[in-house]
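Protein chains in written order, with my numbering: chain A, 1 to 671; chain B, 1 to 554.
It should be emphasised that the hints constitute simulated quantities derived from the structure, not laboratory data.
Treat the hints with care, as some may be off.
Unchecked claim - If you anchor each label on the Cβ, the simulated ranges turn out as follows: (1) A/GLU339 x B/ALA247: 26 to 36 angstroms; (2) A/THR399 x B/GLU230: 39 to 49 angstroms; (3) A/GLU243 x B/ALA435: 57 to 67 angstroms; (4) A/ARG629 x B/VAL206: 36 to 46 angstroms; (5) A/ASP292 x B/ARG4: 49 to 59 angstroms; (6) B/GLU230 x A/PRO541: 51 to 61 angstroms; (7) B/GLU82 x A/VAL489: 46 to 56 angstroms; (8) B/ASP468 x A/ARG394: 55 to 65 angstroms.
Glycine residues also receive a C-beta, built at the ideal position from the N, C-alpha and C atoms.
The residues making up each chain are set out below.
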Amino acid sequence: MAPPRHNQIVVGVDTGGTFTDIVYRDGGIRGRIKLLSTPDDPARAVLEGLAKLFADRRPDLLTYGTTVATNAMLERRGARTVLVTTAGFEDVLEIGRQARPDLYDLEPIRPEPLIPASRRLGVAERMLFDASVETVLSDDECRRITQAVKEAGPEAIAVCLLHSTVNASHELRLGRALKDLGVPITLSHALSPLAGEYERCSTASANAFVQPKVSTHIRRLAQRSGVGRLRVMQSNGGTIGAETAGREPVRTMLSGPAGGVTGAIEVATRVGLRRIVTLDMGGTSTDVAFVDGKAPRRSVTEIGGLPLGVPCIDIHTVGAGGGSIASIDAGGALRVGPESAGADPGPACYGRGDLPTVTDANAVLGRLQPRHFLGGEMALDVERARAVMKKLARVIGATSAEQAAAGILRVVEGNMERAIRAITVQRGEDPRSCVLVAFGGAAGLHACGLADEVGFREVLIPIDPGLLSAQGVLDGRVTMDGIQPLRAVDPSFDLLTRRARGPASAIRREIAREGIAERRIRVTTMLRARYLGQSLEIEIPLTRSWRRHFGAAHEKLYHSHAPARPVEVVSLRLTGCGEDARPIVQLLQPSQAPRIRRPVVEDQVDVFVKGRHMAVPTYRRDSLRAGTRLRGPAVIIEYSSTTWVDPDFDAVVDEAGNLRLHRARNKGGRS
Amino acid sequence: MRPRLSPVDLELFANRLIGVADEMGVVLQAAGFSPNIKERRDFSCALFDPRGAMVAHAAHIPVHLGSTPLSVRAAIQQTRMEDGDIVILNDPYAGGTHLPDVTLVAPVFLTDGRKPVAFVADRAHHADIGGASPGSMALTTDIHQEGFRIPPVHLCRNGAFVRDTLELFLANTRVREERLGDLDAQVAALKAGAARIRDLMTRFGVTAVAQAMQELQDYSARLVAAFFAELPAGEWKAQDVLDDDGAGGTDIIIKAAIRRKGTRLEVDFDGSSPQVRGPLNANLAVTTSAVFYVIACLAGRRVPANSGMMTRVKIRAPQGSVVNCKYPSAVAGGNVETSQRIVDVLLRAFATALPGKVPAASCGTMTNVALGGFDPFRQRYFSYYETVGGGAGAGPDRAGANAMQTHMTNTWNTPVETLEAYYPLRVRRYAVRRASGGEGLHRGGDGIEREIEALAETQLTLLAERRDRGPYGLEGGGEGKAGCDRCTRAGSDRAMQIPAKVSLLLQPGDRVEVATPGGGGWGNALGTTSHAAGNRTRHKNEERSVVKTKRKRA
C-alpha cells in the first residue's frame with residue numbers, strides 16, 4: 001500500500017477509562033470528537049466516532065492509544081495463563097527479588113503474581129550461562145509438558161527458561177510443541193532480552209496474560225473500522241504496527257500516557273518551554289511526568305508493582321481522576337479513589353451513578369456548567385450530583401453538599417500533589433522552577449489548586465486539553481527497538497558496525513512495512529558498555545571514538561574512569577524511527593483575528609468558592625484571542641474541557657493559543 | 001536565631017538531603033563489581049553534619065542505621081581528615097559492626113574552606129574480608145579469627161589511594177580484583193555525594209543548607225516525640241532466645257524493658273545473657289540499629305531516618321553482654337542474627353503497650369550462606385555470600401508476606417543467571433516453603449527453600465537461627481515453622497540434616513538446601529480476637545507464661 005499522502009485522512013485515537021478521544025487531519029483540515037468510552041467493547045466508541053466524523057469514508061491511517069492491556073493487568077482480568085518454566089523455579093515469579101517495597105512497613109504487602117502456583121509448571125531441562133545444555137529437553141518431556149499445559153486449560157502461555165537469553169533453543173522448541181494447543185504463546189527471550197530471570201519472567205507473564213484480549217481487540221478494530229492501516233502507540237512514545245502490538249501488547253501498557261507526554265512536549269517546545277511537569281488527569285487516574293527538554297526513558301517499569309522490561313517514558317500514575325469515588329474509610333477519613341465510577345455507571349451527574357465522585361463535586365460547586373458540558377452534547381444532572389453529595393455530607397458531618405464537595409477536591413488535589421513531589425522534589429528537582437502543563441479532561445479544574453500547593457511558577461493549558469493525548473498519538477512516529485547481545489571485550493569500531501548492520505536492516509525492513517519511505521527512516525545505534533566485571537552499563541552512541549566517550553560518561557556519572565581497564569560492550573541497542581510525510585500545517589489555532597484584549601463575558605454563573613457563593617463570569621475559550629488577559633475568578637469553557645481560574649489567578653492567552661495562568665501579584669498565594 | 005524553615009522548604013530540603021544519600025546509593029550499586037553490591041544491594045549510604053550527626057540515610061539496610069554514625073564519629077576522633085582524604089574502617093571495637101561491613105568516610109570541603117561542611121559515608125558488605133573461611137562469616141571464638149581488622153586509617157589522601165593501606169587490605173582479603181572494584185565503587189559514591197552537597201550549597205547557600213541539616217534532625221525528633229506521647233505510661237517487658245552460638249552455648253537470652261518517661265523512652269537490656277564464645281555477639285552499634293529500626297517502623301513511615309530520631313531514646317545495655325560485647329569476642333553473627341532477635345523482643349514488648357497494633361514475629365534470621373574456594377573453571381578464588389529471606393509475621397491487618405527479607409535486612413537476591421555466570425555453583429531449586437507460616441486469623445508468611453550445588457571443592461559456612469523453635473505468634477496466632485537445613489552428598493540421594501551453624505567442605509556434586517522459617521500467625525484462627533480492653537489482660541498473662549517457659553529452658 002502506498003504511504004499516506006497529504007490529502008489522506010489520518011486519525012489519532014486515545015481510549016481512556018471514561019472518554020474516547022479522536023483527532024484527525026483530512027488534508028489541511030483538522031477536527032476532533034469526544035465520546036463516552038464503551039469499556040465492554042472499547043472498539044464500539046471508536047467506530048461510532050469514525051462514523052460520525054467521516055460517514056462512509058474510511059481513514060487511511062489510524063493510530064491508536066489503548067488502555068486495554070493496562071486495565072486487564074491492573075484489574076487482573078486477563079487470560080487464564082499457564083507459565084512453563086525450568087523445573088525447580090516455578091516460584092521465581094512469586095519470590096521476585098525477595099526485597100520488600102517499603103523498608104519500615106511492619107506489614108509489608110507484595111502484589112499477587114499474575115499466574116497462580118497451580119498454573120506454573122516446571123519442565124525438565126537445564127541450560128547453562130555459557131549457552132551449553134546440561135539437561136536436554138527430551139521429546140518425551142515435550143509431550144508430557146504439552147499434555148500438562150493442555151490439562152491446565154490455558155487461554156495463553158508464557159515460557160521463561162533459565163539462561164534463555166544466551167541459548168533460546170529450548171524456549172523455541174517448547175514454542176513449537178505448544179503451538180498445537182492453539183493459544184498464543186509468549187517466549188521470554190524474544191520479548192525482553194534482559195538477563196535476570198525474574199524481570200524477564202514477569203514481562204513474559206504479563207504479555208501472555210493480556211495478549212488474547214488485546215490482539216482480538218486490535219484485529220476486530222482493524223476489520224470493523226476498515227482503516228487502510230492501523231498502528232498502536234507504545235509506552236516509549238513511538239508507534240508500532242497492529243500486528244506487532246497484538247503479539248507484544250506489553251509494549252503498549254502506557255500507550256495513552258505516553259501519547260499525552262509526547263503531545264505536551266510538542267506544545268511546550270513550540271512556546272520555548274523546557275522544564276515542565278505534565279499533569280494528565282482523566283476519568284480514572286492522573287499521570288505525571290517531569291520533562292527537562294525531552295521525555296526521560298526507562299528500560300524497566302513497574303505496573304501495579306510488577307516489573308516490565310520494555311522501554312517506556314518515565315511516568316508516575318496515581319489512582320485519582322474525575323470519576324474517582326469519595327468514601328469514608330474504616331478509620332473515619334474521607335478517601336477519594338482509587339475506585340472509579342468509570343464510564344459505566346459514571347459519576348452521578350452523568351445520570352446513572354449513585355456514588356459521589358470528583359466530577360460531581362465540581363458540578364455541585366458550579367465549576368462544571370451543565371449547559372456547556374461537551375459543547376452541550378451531553379447533559380449534566382446537577383441535582384442528582386447534589387443529592388449524592390448531600391448523603392456524603394451527612395456521613396462526614398459537613399454542613400452542606402457544597403462543603404462536602406470542597407472536601408473532596410482538597411483530598412484529590414493532595415493525592416496529585418504527592419505524585420508530583422515524587423517525580424520532582426524526591427529526585428532533587430524543584431517544581432517551583434517548572435511550568436505545569438495541565439491537560440486531560442479534568443486537569444483544568446484543578447490546575448490552580450495544584451499550582452498553589454506545589455508552587456509552580458506558571459500553568460499552561462493547551463487548546464483542546466482534553467484531546468492532547470490523542471494529538472500526541474496522532475503525531476507519534478513509528479519506532480522500533482532492537483537489541484543485539486554482544487559481550488565483546490574492547491571490540492574494534494569495525495566489528496561493532498558489522499554487528500549492527502544485520503539488526504539495522506531488519507528494523508528498516510519492519511518500519512518500511514508500515515508504509516514509510518526508506519529515506520524517512522533513521523536508525524541510530526547506541527552501545528551499552530561497562531568496565532569488565534561491573535554491573536550496570538552506560539549507554540553511548542556508536543562512533544569511532546566511543547571509548548573516549550565511555551570514559552567521559554563514566555567520569556560524569558561515577559566520578560571515576562580508568563583508561564587502561566578493559567571495557568566490555570554488552571549489547572548494541574538500535575532504535576529505528578520512521579516519519580510519515582506530513583503536510584506542514586499549523587496544528588494549533590492561528591490567531592488570525594485582530595487582537596481583542598477585552599474578553600467577552602458569556603454568562604454569569606453561581607460558583608461556591610472558599611466557603612461562599614459568588615457570581616462568576618464564564619468565557620468561551622474559542623472567543624479568547626492571543627493577548628487576551630482576564631482575572632479570576634472565571635470559568636473558561638471549551639469543547640473538551642473546562643478551566644477554573646481561582647480568584648487569586650490571572651489568565652493570559654499566548655501567541656499559540658495556550659492559556660497561561662499566573663498567581664496575581666497583589667494577591668499572593670502560598671509559596 | 002534564624003527563623004525556622006517554612007513547611008515547604010523543610011519538605012524540599014528533606015527530600016534534597018535524603019536525595020544525596022539516595023544518589024550515592026545509585027552510584028555505588030552501578031559502579032560496584034561483586035554481585036553482593038550490584039545485585040544484592042548490601043550497602044548503605046548516609047550524609048552527616050560537621051559534628052558527625054547523621055542527617056540522612058538512604059533507605060537501604062536497617063542494620064546499618066544506628067551504626068554508621070558511630071563509624072563517622074570514630075573516624076573524626078581518631079584521624080585528621082583533609083580535603084580529598086578518605087578514611088576506611090571495619091573494626092567492631094572502633095565504630096564498625098562486623099568485619100565484612102567496610103565503611104568509608106570522607107569530609108566535604110568547599111573550595112576555600114578550612115573546616116568540613118559535611119561528611120559522607122558508605123558501608124558495603126564485602127563478600128570476603130579474610131579470616132578462617134571464605135565469606136568471612138566463620139564460626140570462630142574471637143575477632144582475630146574472623147578476618148582482617150581495620151581501625152580508622154587513611155585509604156585515600158589528596159584524592160588518591162594510599163598505596164600502603166590498599167596493598168595491606170588486598171593482601172589480607174580473598175578475591176583481590178573484586179575487593180578493589182567494590183572499594184573503587186565506594187570511593188565513587190562518596191565523590192558523588194560530596195559533589196551533590198557542594199551543588200546544594202552553591203544553589204541555596206552554605207548557611208541555608210547547614211540550617212536544613214539541623215532542622216531535619218529536629219523534625220525527626222519532633223515526630224518521634226509525638227509518637228512517644230501517644231504511648232501509654234508504664235514499662236513493658238519481653239524476652240526471647242537465640243537457639244545457640246555455634247560454640248556450645250544454647251538458649252541465649254535477649255531481654256528488654258521499655259519505659260516511657262514523658263516524651264522520652266528508655267530501652268533497658270538488663271538481664272540479657274553475658275557475651276558468648278561463638279560469633280553471635282552484638283556490639284552497641286548493632287543494638288542501637290535495632291532500636292532505631294523498631295522506632296522508625298512504629299512511629300510511621302514518614303519519619304526521616306537520622307540522628308534526631310535517637311535524641312529522646314536512652315539505651316542501657318550491660319557491658320560485656322551479648323547486646324554490648326567487649327573485645328575480643330567474635331561478632332560476625334551479631335549484626336545479622338542477634339539484631340533480628342533484638343527486634344523480635346522489642347516488638348513483643350511494644351505489643352503489650354499497643355495491643356492489636358503490632359505484628360507477630362517474622363522469620364527472625366537472615367540465614368547467611370557463605371560459599372568459597374578455588375574455582376578451577378575460571379582459575380581464580382571465589383567467595384560468595386547471600387542471605388535468604390523467610391516468612392513475614394502476620395499482623396492485625398493482613399496475612400504475613402511469603403518469601404521476603406524482613407526487619408533488619410532488605411538485600412535483593414542474586415539472580416540465578418548472574419550467580420551461575422560468576423561462580424562454580426548451580427542453583428537447583430528456589431521455591432516458597434509452603435505451609436510454613438503460623439496458623440491464625442491472619443496466617444504467617446511462608447519461608448523459602450533454596451538448594452545450591454557445588455561444582456568445585458567449596459567451603460560452606462552456614463549461620464542461621466530459629467532452627468530450634470519457630471517465630472512466635474501473637475494474639476492467639478500460632479508459631480511459624482522452624483527452619484531446617486540439609487546436605488546431600490554427591491551420588492547419594494539421602495539428605496542429612498546439618499546444624500544451623502556449621503562449616504562444611506563440599507565436594508563437587510554435593511548439594512546444600514536451606515529451608516527458612518515461616519512467620520508467626522496473628523489472631524485466633526476462629527476469628528475471636530478482639531482489641532477490647534478485656535483481652536489485654538489475657539494477652540499480658542500469655543506474655544508472662546511465655547517468659548516463665550523461657551526461664552525454664554534457660
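Inset, instruction - Could you work out which earlier hints the structure fails to respect and list their numbers in ascending sequence? - result: 1, 2, 3, 5 and 7
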